[in-house]
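J.: Construct the entire structure; sequences and hints are all you get.
Note that the protein sequences, when read in sequence, are chains G and S.
Using the numbering used here, the letters of the first sequence map in sequence onto residues 1 to 247.
Using the numbering used here, the letters of the second sequence map in sequence onto residues 248 to 430.
These are calculated hints, taken from the structure and not from any lab test.
Even glycine gets a Cβ: it sits at the ideal position worked out from N, Cα and C.
Please note: incorrect hints may appear among the correct ones.
[Said to hold, decoys possible] Selected chain S positions facing chain G (Cβ under 7 Å, derived; list incomplete):
no., residue
1, Arg360
2, Ile364
3, Gly365
4, Cys426
[What the hints assert, rightly or not] Stretches of chain G that chain S covers, calculated by requiring three or more beta carbons in the stretch to come under 8 Å of a beta carbon on chain S:
no., region
5, 2-16
6, 101-114
7, 122-128
8, 164-177
9, 189-201
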Amino acid sequence: MPLPRLIPCLDVAGGRVVKGVRFQGLTEVGDPVELAAAYSNAGADELVFLDIEATLEGRGLLEELVARVADRLAIPFTVGGGVRDVRDAQALLEAGADKVTVNSAALARPALVSELAARLGAQAVVVAIDAAGGEVYTRAGTERARRDVVAWAREVEQRGAGEILLTSIDTDGTREGYDLEVTRAVADAVSVPVIASGGAGSARHVAEALEIAQAALLASIVHENPARLTSLREELRELGVPLRNAA
Amino acid sequence: MKVAVCEYGAGNVRSVVTAFERLGVSARATTSPAEVAAADLAVLPGVGCSGSAMEGLRTHGLDVALQERVAAGGATLGICLGLQLALDESEEDGGVSGLGIIPGRAVRLRTERVPRIGWAEVEPDGNAYYFAHSYAAETPAAVSRSEGIVAAAESGSFLGVQFHPEKSGEAGARFLARCLSRV
Numbered sequence: 001m002p003l004p005r006l007i008p009c010l011d012v013a014g015g016r017v018v019k020g021v022r023f024q025g026l027t028e029v030g031d032p033v034e035l036a037a038a039y040s041n042a043g044a045d046e047l048v049f050l051d052i053e054a055t056l057e058g059r060g061l062l063e064e065l066v067a068r069v070a071d072r073l074a075i076p077f078t079v080g081g082g083v084r085d086v087r088d089a090q091a092l093l094e095a096g097a098d099k100v101t102v103n104s105a106a107l108a109r110p111a112l113v114s115e116l117a118a119r120l121g122a123q124a125v126v127v128a129i130d131a132a133g134g135e136v137y138t139r140a141g142t143e144r145a146r147r148d149v150v151a152w153a154r155e156v157e158q159r160g161a162g163e164i165l166l167t168s169i170d171t172d173g174t175r176e177g178y179d180l181e182v183t184r185a186v187a188d189a190v191s192v193p194v195i196a197s198g199g200a201g202s203a204r205h206v207a208e209a210l211e212i213a214q215a216a217l218l219a220s221i222v223h224e225n226p227a228r229l230t231s232l233r234e235e236l237r238e239l240g241v242p243l244r245n246a247a
Numbered sequence: 248m249k250v251a252v253c254e255y256g257a258g259n260v261r262s263v264v265t266a267f268e269r270l271g272v273s274a275r276a277t278t279s280p281a282e283v284a285a286a287d288l289a290v291l292p293g294v295g296c297s298g299s300a301m302e303g304l305r306t307h308g309l310d311v312a313l314q315e316r317v318a319a320g321g322a323t324l325g326i327c328l329g330l331q332l333a334l335d336e337s338e339e340d341g342g343v344s345g346l347g348i349i350p351g352r353a354v355r356l357r358t359e360r361v362p363r364i365g366w367a368e369v370e371p372d373g374n375a376y377y378f379a380h381s382y383a384a385e386t387p388a389a390v391s392r393s394e395g396i397v398a399a400a401e402s403g404s405f406l407g408v409q410f411h412p413e414k415s416g417e418a419g420a421r422f423l424a425r426c427l428s429r430v
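T.: This is the structure:
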């Protein structure tokens, strides 16, 4: 297995980085390209950018941001938010993203996952699943999708998803630890890599998640202070988590 | 030093061009067989599926351009799918004929998680590079491996790597610089 990955996540809106708690109460925390560069220097294995507004007017801004990030960074990054069809996804990849992530649009029309995988290859298709109480939620966690988390994970894998980004709404932003139960249920059910998301508050939390998932998404734990990623990596090494030598 | 990066609808061309520009060389994305023939280093990047990628190469006449270039001893680098396309064939998409530059075939990975995504150490190189693939080369021309999987294969003037040097941070940049120094 490749080494476990640490993936800082930048929620962006209108070209800026924002962070909410339990999907609510957004506050602005910084410039995406500067933060991305700081994370890369601090040893991030990958980055994820989620456009949480994903308005039509914001599409151009997002593509421009992707191009600026691609010019600056030499690590892989995933972009999502508002991807509704193959054309949206291709525009982001052409701008320099390595992968796209889809969530609500895939729930509304599951064939989208198959189309993206056929056109872009599975390795470029990350399906994001927002989970609470074993159920899938859509529209940024605001609506029940009336689907079981494990069943949906299996379906998107069959349709060609290359990775699953699993966020627990229950733990997101709380810094009380990842939702290990739902993470294990999904990781056991699929054979594509799983990225655990929501709730990292300490190195121990991240280490626990990485015993189950292949990667851990990091948001509030590192947002206010990108240098925290450097110390987090050291703490994880001390806990016996094998991380790449980023030098 | 001129680097020509093949543009045929199946590559993360922009990232590859940028990675070379950071090293201070002139890199250009191109669909032109003549530019591929004339460059000091030609690069065949690639992400996605073998079937449509081979079609893209043929559409632009880049398949023949690459074969002729390597036959004439021109330095050529294949990245990820670019390595797999250089083989005799791939079992992806129900079977696809490759460029036949490197002997062997691309076969579906049998690792615990597929796609195999993430940073993994390459031997004998010693560095970790970023991989993202569902197929891998089976070839007698392998020159390095990662967790037993072919990480690089070389035949004549063609070097193919399964990992993405353009996405592998400092280690990737050093790798590309070594490729340039061999030209």
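J.: Now tell me if each hint is right for this structure.
T.: Status of the hints after comparison with the structure:
Because the smallest distance between the Cβ of arginine 360(S) and any Cβ of chain G comes to about 5 Å, under 7 Å, the interface hint for this residue holds. For isoleucine 364(S), the interface hint holds, the least distance from its beta-carbon to any beta-carbon of chain G being 5 Å, beneath 7 Å. Using the Cβ-Cβ criterion of 7 Å, the hint placing glycine 365(S) at the interface with chain G is satisfied: the shortest such distance is roughly 3 Å. Restraint check, cysteine 426(S) versus chain G: the minimum CB separation of about 15 Å is more than 7 Å; hint violated.
Three residues within the 8 Å Cβ limit are the bar, and the region 2-16 of chain G against chain S gives 4, so the coverage statement holds. Judged by the Cβ-Cβ criterion of 8 Å, the region 101-114 of chain G is not covered by chain S as claimed, because only 0 of its residues qualify and three are needed. Residues of the region 122-128 of chain G with a Cβ under 8 Å from some Cβ of chain S number 3, which satisfies the need for three, so the listed coverage holds. Check result for the region 164-177 of chain G against chain S: violated, 0 residues qualifying (beta carbon to beta carbon below 8 Å, three or more required).
Three residues within the 8 Å Cβ limit are the bar, and the region 189-201 of chain G against chain S gives 3, so the coverage statement holds.
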